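Asks: Below are the chains, spelled out letter by letter.
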Amino acid sequence: MNGLELHKLAARLYPICRSITGPGVRETLAILQETIPLTVESVPSGTPVFDWVVPNEWTVREAWLADRKGNRLVDFKNHNLHLLNYSEPFCGIVSRADLDAHLFSLPDQPDAIPYRTSYYRKEWGFCLTENQRASLTESEYEVSIDTELTAGVFNYGELLIPGRVQDEILISTHICHPSLANDNLSGIVVALETARRLLATPPNYSVRFVFVPGTIGAITWLARNQTKLSSIHHALVLTGLGVGNTFHYKQSRSGNAAIDRVTAHVLQTSGSRYQIEPFVPYGYDERQYNSPGILLDAGCLTRAPYGTYPEYHTSLDNLHFLQAEALEESTELVGSVITALGARQTFRNRFPFGEPQLGKRGLYAANPAENLTFLWILNLSDGTNSLDDIAARSGISLADLEVAARRLLDAGLIETAADFPCESAVNK
Amino acid sequence: MNGLELHKLAARLYPICRSITGPGVRETLAILQETIPLTVESVPSGTPVFDWVVPNEWTVREAWLADRKGNRLVDFKNHNLHLLNYSEPFCGIVSRADLDAHLFSLPDQPDAIPYRTSYYRKEWGFCLTENQRASLTESEYEVSIDTELTAGVFNYGELLIPGRVQDEILISTHICHPSLANDNLSGIVVALETARRLLATPPNYSVRFVFVPGTIGAITWLARNQTKLSSIHHALVLTGLGVGNTFHYKQSRSGNAAIDRVTAHVLQTSGSRYQIEPFVPYGYDERQYNSPGILLDAGCLTRAPYGTYPEYHTSLDNLHFLQAEALEESTELVGSVITALGARQTFRNRFPFGEPQLGKRGLYAANPAENLTFLWILNLSDGTNSLDDIAARSGISLADLEVAARRLLDAGLIETAADFPCESAVNK
Amino acid sequence: MNGLELHKLAARLYPICRSITGPGVRETLAILQETIPLTVESVPSGTPVFDWVVPNEWTVREAWLADRKGNRLVDFKNHNLHLLNYSEPFCGIVSRADLDAHLFSLPDQPDAIPYRTSYYRKEWGFCLTENQRASLTESEYEVSIDTELTAGVFNYGELLIPGRVQDEILISTHICHPSLANDNLSGIVVALETARRLLATPPNYSVRFVFVPGTIGAITWLARNQTKLSSIHHALVLTGLGVGNTFHYKQSRSGNAAIDRVTAHVLQTSGSRYQIEPFVPYGYDERQYNSPGILLDAGCLTRAPYGTYPEYHTSLDNLHFLQAEALEESTELVGSVITALGARQTFRNRFPFGEPQLGKRGLYAANPAENLTFLWILNLSDGTNSLDDIAARSGISLADLEVAARRLLDAGLIETAADFPCESAVNK
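Chains as they are written, first to last, in the working numbering: chain A, 1 to 428; chain B, 429 to 856; chain C, 857 to 1284.
Rather than coming from a laboratory, the hints here were simulated on the basis of the structure.
Worth double-checking, as some hints may not be accurate.
Claimed, not checked - Below are the PhoX-like pairs computed for lysine-lysine, each with C-alpha atoms no more than 20 Å apart in a straight line: (1) K550(B) / K1216(C); (2) K788(B) / K122(A); (3) K360(A) / K978(C).
Since the structure is predicted, the reported quantities are computational estimates derived from the model, not experimental observations.
Turn these sequences into a full structure, and let the hints guide you.
Replies: Rendered as structure tokens:
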């Protein structure tokens, strides 16, 4: 899919009322399943996940605010941002004064509907433009919020694309925002298209995609997959990739992980404008992946960081705001990072005591340069040096090293460096 | 106690004949007990302590040198420096020529009595001014040294001031010098007043004070307290704090321990003149605390380093030499170091898997800056980062971090990082 | 032996037909045994050694190429380089065209016989000058190669010279080249003379010499001596030490091992021209010693690196090429490196808890500088600091530190730092 097609997909997903639970999440994941074989997981409400508990499921049937004549002035049907996300049900006549505490608008952006949530504090409310709010001058209004918060399930999507090795890169994007285009849909479509391309051309690393509701989704996935964490060597959170002309890469907590060095290198050679930013424990799900008990080395790639643009978390973050070219360029860049990480695979010499005998395996080359390439890989493959590292030390091109490493792998002289036995490490 | 009161206390301690053992040490410790609840330990002579043995106890009844007419020319009663410290007993008529090997004076400082000891080699002798020595022109003199070197006890004082946590700072000062004011009494009174202030306002770290005879005292304490060493995170030797206008901080053996960094920082922001000096395995008891089997990370704070001033180890290091203001300023600075070390307490996130849920604990703040403060502490509290470190990385003020850390501690989200279980680690 | 005597010994070894196995190796080792008590090891053909197998033994009775009139045109008897090393037996009449694939000459060096081997691929052949080859214009030739490749033994020589401590330096040189003077004989005679001198004046470190056939010899030695590797702290490969005016030191894989620092320092202060070169996994047996499962920290000292001079691996690398002065200078330099490594010995304070009591051992000096020297050694001797390191940190001269360290060793206060108990560590 090119940028225009990704924009078209985003347009299809845009009207759906997503939240951290509920039918909107399932509808979104079902649309993604048309393109990639995503597994949709269901976790019952009430399930403990680390310090959290999976919340009740939220369903919206309708929600409106009307004057006493029955004119619906603010209606969820018109824009799903109008309803406070996770609003509890409420029906009744409310005085204008009492209503005010339940209204959310932006005085500085009088034409924008804000996006507000109240997942963990029971509340009802409407989000509306400042202009709408100003027009509510009567003394009483009728409120009808027909929502439900009941035990149900929590959903997220997951897809593991097997690479040459079982070691993994984790790509995570959030799927819990309703009609917000850059913040949410851009990450979803870029991740989807990245997965589709990798299915066509399998990568070196296996790549695991998770499409999760923010915070609680990442925490739920982590809590249910603790035994998988040791296989994940790099993680990247995708979000806000559909606008702007500058990439922002936020480093992992360590600031010097492979994902940090590789992404910086890819950006540097990409020709794109970019900025590298240090880790801050705020923002998107990199917060969870970089928590001190998890330490997944997760960076975050965006073009419009958390809270830095006026359209952020308002109805102005819409399909007009979203740029097809940005989506396309972002997808390319994510692909380059995955390729570059794969080229970084480290190996372990299986015959580290002296040199193995190349001749008996048909690897002793007439060409001394070719022998030297084998010997450098054998000498430095102790699980810590990637082909990049070997290239830097030996002066041999990455391309030549890749050819030689493949031959050494095929001959069983080196293995991919991982915590599981060689044979099971290589996907077949 | 302000500087003048500390000087007054020093004046009271000044005439006492201290040594590494004996009644002078006990008298000194008893005076300190009037102000702080010091425990006085007694170790029998002959007790092996690492490579050493606790020596016999030394008692002086009287000691004088007289001419044959009975005129007492040099008398211990006049100045306790006159007697070679640890002098063995001797009585008899001695020729001027034989006497000479038992006399100690300073040709370059003809009015000063030197301070000399002979703890481990049996010897008798007198210390006197060069002028006195020159006046000894007769052919014979009478010597009467009524001392005793017999099995007894070795004493030192110890006080543990419980802080918020059981982890400790060790403050050590020597108490074995007789009438020497800066070298000995200044450290004693500064340590005493520091302890008194901490008893009034408990610190974060627990602070252990040891008032020990030099070398053998530190070694004895170490030998008897090996199981306590792992709780001591920082150590500071106090000495020579009563004169001069420049602080000298001698670094620990590592040169980059927390005590080194914190003291340097405190000095830097103190407005005082100061010098940082590298570790040398000479000087005061930091020698023992930094020995390769102990490695306590001990710095030494002084204003007049070992052997660098003419009054050093002579009768000129007296009460006129000692400056009240220096004692006061030194006490302030030591207090600042202890406070700064306490602010350096590191913590451990008790919910390190993803972020803990702040909302259900009433910690989710309306103010994003406050939330971010919580999140930085939670993210970096893996037992290695102090609040200072977190301040440096996050740009958040130490004051704000302290408030937030206290709230996280109270909520049970973090614990102080120590080698013992959280509940017992915190003193109650 | 001076340079001329070493050259004379090389002249005696020069005509012998060495290879990786066979009588030439044994004859060579027997001549070395006249000077040093070398142990000659025999390993049966077929023995597995890591990834390799000890090859069959090669014996040459005669080998010649003659015209049909019986004129022997190329004869092993005239120069042992004429026969392809490890040539299989062959007898018969061969057309000039078929013969060509079995001839090896150097078009660019028409007067030189090349040195060629075929250890692991069965082949027969002759090496000859380009001029000889050009003169072979008849249509048929008679070939007679009377060699044998049968189960036998593989030999190498080994000598351990006990030093003050059991920790070892490994000196390795290859002995598998037939009539090649610089590449092979120079290393052999320099290593031999180095051993002879150390037998006369025992070193601090024990020094193990191995005279091994290249590659398979080092691998065989390593495979049979794995338990000894932990005692080897430094390794040096000697080769090509008989020509040129510039030393080349090729660093170990780490590039910062003690052997690298010490050899660089020795070269720097030697007055000789020299070059330091980074590790490359090609060259001589440092390849094996630096393999990732072995990691012996092996450097390689040469004056004419691998393949960089036109005489390399040709009949021009002969006794005229070899310089007596170069052999002498090289022997001196290797001795200096061994001495400097020995001076690098690290120690461990046996009384690391506080300071040991110097006085009771007669080590408490009147001179404070002498005491300080003792204290620096005691303080830093935790097994990681050499006297060089202590000199650098304390500013005390290496000479003073050596005197003091010897006294502390004699007093039992420090021990040489090694992985075995002190008493057994010191050779008696």
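Asks: For each hint, tell me whether it holds in the structure or not.
Replies: Quick rundown of the hints versus the structure:
1. With a C-alpha separation of about 12 Å, the suggested pairing of K550(B) with K1216(C) holds against the 20 Å cut-off.
2. The straight-line distance between the Cα atoms of K788(B) and K122(A) is roughly 12 Å, inside the 20 Å bound, and the hint therefore holds.
3. This hinted pair checks out: K360(A) and K978(C) have alpha carbons roughly 12 Å apart, not beyond 20 Å.
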